[in-house]
Every structure is written in structure tokens, then in C-alpha cells.
Amino acid sequence: RKEVEQDPGPFNVPEGATVAFNCTYSNSASQSFFWYRQDCRKEPKLLMSVYSSGNEDGRFTAQLNRASQYISLLIRDSKLSDSATYLCVVNRGANNLFFGTGTRLTVIP
Amino acid sequence: EAGVVQSPRYKIIEKKQPVAFWCNPISGHNTLYWYLQNLGQGPELLIRYENEEAVDDSQLPKDRFSAERLKGVDSTLKIQPAELGDSAVYLCASSLARVAYNEQFFGPGTRLTVL
Numbered sequence: 001r002k003e004v005e006q007d008p009g010p011f012n013v014p015e016g017a018t019v020a021f022n023c024t025y026s027n028s029a030s031q032s033f034f035w036y037r038q039d040c041r042k043e044p045k046l047l048m049s050v051y052s053s054g055n056e057d058g059r060f061t062a063q064l065n066r067a068s069q070y071i072s073l074l075i076r077d078s079k080l081s082d083s084a085t086y087l088c089v090v091n092r093g094a095n096n097l098f099f100g101t102g103t104r105l106t107v108i109p
Numbered sequence: 001e002a003g004v005v006q007s008p009r010y011k012i013i014e015k016k017q018p019v020a021f022w023c024n025p026i027s028g029h030n031t032l033y034w035y036l037q038n039l040g041q042g043p044e045l046l047i048r049y050e051n052e053e054a055v056d057d058s059q060l061p062k063d064r065f066s067a068e069r070l071k072g073v074d075s076t077l078k079i080q081p082a083e084l085g086d087s088a089v090y091l092c093a094s095s096l097a098r099v100a101y102n103e104q105f106f107g108p109g110t111r112l113t114v115l
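These protein sequence lines map, in sequence, to chains A and B.
The numbering of the first sequence is my numbering, which starts it at 1 and goes up by one.
The numbering of the second sequence is my numbering, which starts it at 1 and goes up by one.
So that you can see chain A by itself, here it is in the shape it has in the complex (with noise of 0.2 Å):
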């Protein structure tokens, strides 16, 4: 079973709409959780860290469900801009991260 797992996508969303992403991670023991953003042919940015009180930023809201291993990531208001792909990581300790496979997002005019 991999470490990481997510829906690949693609998710094709008009502007304005809200767009959720999920993803399971297997290792019970890990320790902190991030969601990263990956423009195309560019490198891997951090979006937001995740905490399981739940946790915003403008647009965007992630969310931590320990019980179930369980990542979200909600972002409302879709913009162009956020086109891009969206990967979810999870830290099992000691910076050792595992990224999942990223889920698609494009924004359509």
C-alpha cells in the first residue's frame, strides 16, 4: 500500500466554484501533514501546513482527520490562478516526507 494516496484527477472546475481534495496516508505514526502546490514544469511550493483543529488561509481550508488518516483541502472561489496541481505530504518524522502523486486542479474561464 503506497504511504500516500490521492486522487490523481484531473478536476476541471469553473472560476468561482469550490473544489475539494482528499487524500489517505497509511502510517498511523506520522507526525505533521502539508499540502504542496506544483505549477507545471516547476518545482514543488508549500501551500499550508495541516492541523487537525482545521486550519485557513483566504481561500483555502485544509483539515486533518487523524482517526480516519484523512487530508482535505477545500478552496472556494476558484480562481485561474489556481491552476495547478496539488500534492498532499505527509511527514513521518525527521523531515521525512512522503508525497502523494498530486491531484490535478485546472480552472476554466
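Rather than coming from a laboratory, the hints here were simulated on the basis of the structure.
Keep in mind that a hint or two might mislead.
[As the list claims (entries may be wrong)] Here are the computed lysine-lysine pairs in the DSS-like style, where the Cα-Cα straight-line distance is at most 30 Å: (1) LYS78(B) - LYS16(B); (2) LYS71(B) - LYS45(A); (3) LYS2(A) - LYS71(B); (4) LYS15(B) - LYS42(A); (5) LYS2(A) - LYS45(A); (6) LYS62(B) - LYS11(B); (7) LYS78(B) - LYS15(B); (8) LYS78(B) - LYS42(A); (9) LYS42(A) - LYS62(B); (10) LYS78(B) - LYS11(B); (11) LYS16(B) - LYS45(A); (12) LYS2(A) - LYS78(B); (13) LYS79(A) - LYS45(A); (14) LYS62(B) - LYS15(B); (15) LYS42(A) - LYS79(A); (16) LYS45(A) - LYS62(B); (17) LYS78(B) - LYS62(B); (18) LYS62(B) - LYS2(A); (19) LYS45(A) - LYS11(B); (20) LYS16(B) - LYS62(B); (21) LYS42(A) - LYS11(B); (22) LYS2(A) - LYS42(A); (23) LYS79(A) - LYS16(B).
For clarity, every value in this text was computed on a predicted model and none was experimentally measured.
Please build the complex by placing chain B on the supplied structure of chain A, with the hints as guidance.
Frame of chain A, contents of chain B only:
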């Protein structure tokens, strides 16, 4: 502040040839990572350095891949000989410390094509 620098950005070689990639991390970052990213996949760790020590090289195919980080700053990743299946993007990342999580900053990557 300068980000992680990698060179070359692109490399095309024939199979069985050697190839080397270079990485210069963000100044002051003592942890350096080499990742492999295949098309449609997330990055996969090849090797992690704490200063000049390789602390995790369990995923590095040691029969053909080697890496070094002399003086705990720049790093080089080498493949000899390259195979068709090595075509991928090789990403270098750096972070401040191993204890607790510190954000990993990625370089632009080297896109390798093996013909």
C-alpha cells in the same frame, strides 16, 4: 534571498553514459535532499544529508547512483551508467534542521532525458 540552485536545468544523454547534477542549497540550510520525480508522480526521496553526512540513502540505487556533499554545502548526484528508465526530473531541496519540521525549499530541478 537566493533559492536552491540546480544545474543543469536540462540534460539529454544516451543510455550507458554518465551524468552529474549539481545543487547549491539555501545559505544556512544544513539539510539537503535529492528527490526523483517521474511524470504524473510525486517526488520520491533518493538521499538526505545532514551537513556532510548521508543520514538516509535507503532509496538510492547504489549500483549506479552516487552522491556527495563535500563541506556540507553543495551536493552532486551522479548516475553511471544511465538507463532509459532514469529519465525524470531530479529535484534538490534544502531545509534548516532535521529536528521538528522545517519547510523544504525545492530547486527548479534537472530534467534528464536518456535516449
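Right, here's what the structure says about each hint:
1. LYS78(B) - LYS16(B): Roughly 13 Å between the alpha carbons, so the hint for LYS78(B) and LYS16(B) holds.
2. LYS71(B) - LYS45(A): holds, 27 Å
3. LYS2(A) - LYS71(B): Not OK: LYS2(A) and LYS71(B) at ~35 Å, beyond 30 Å, violated.
4. LYS15(B) - LYS42(A): holds, 26 Å
5. LYS2(A) - LYS45(A): Holds, because 22 Å separates the two Cα atoms, which is no more than 30 Å.
6. LYS62(B) - LYS11(B): holds, 21 Å
7. LYS78(B) - LYS15(B): holds, 14 Å
8. LYS78(B) - LYS42(A): holds, 22 Å
9. LYS42(A) - LYS62(B): Status holds; Cα separation ~28 Å.
10. LYS78(B) - LYS11(B): With a Cα-Cα distance of about 13 Å, the restraint between LYS78(B) and LYS11(B) holds, given a limit of 30 Å.
11. LYS16(B) - LYS45(A): Status violated; Cα separation ~33 Å.
12. LYS2(A) - LYS78(B): holds, 27 Å
13. LYS79(A) - LYS45(A): holds, 18 Å
14. LYS62(B) - LYS15(B): holds, 17 Å
15. LYS42(A) - LYS79(A): Roughly 19 Å between the alpha carbons, so the hint for LYS42(A) and LYS79(A) holds.
16. LYS45(A) - LYS62(B): Holds. LYS45(A) to LYS62(B) sits at ~29 Å (cutoff 30 Å).
17. LYS78(B) - LYS62(B): holds, 10 Å
18. LYS62(B) - LYS2(A): holds, 23 Å
19. LYS45(A) - LYS11(B): Distance of about 23 Å is within 30 Å: holds.
20. LYS16(B) - LYS62(B): holds, 16 Å
21. LYS42(A) - LYS11(B): holds, 16 Å
22. LYS2(A) - LYS42(A): Holds. LYS2(A) to LYS42(A) sits at ~24 Å (cutoff 30 Å).
23. LYS79(A) - LYS16(B): Answer violated: LYS79(A) to LYS16(B) is near 45 Å, above 30 Å.
In summary, the structure is inconsistent with hints 3, 11 and 23 from the numbered list given earlier, while agreeing with the others.
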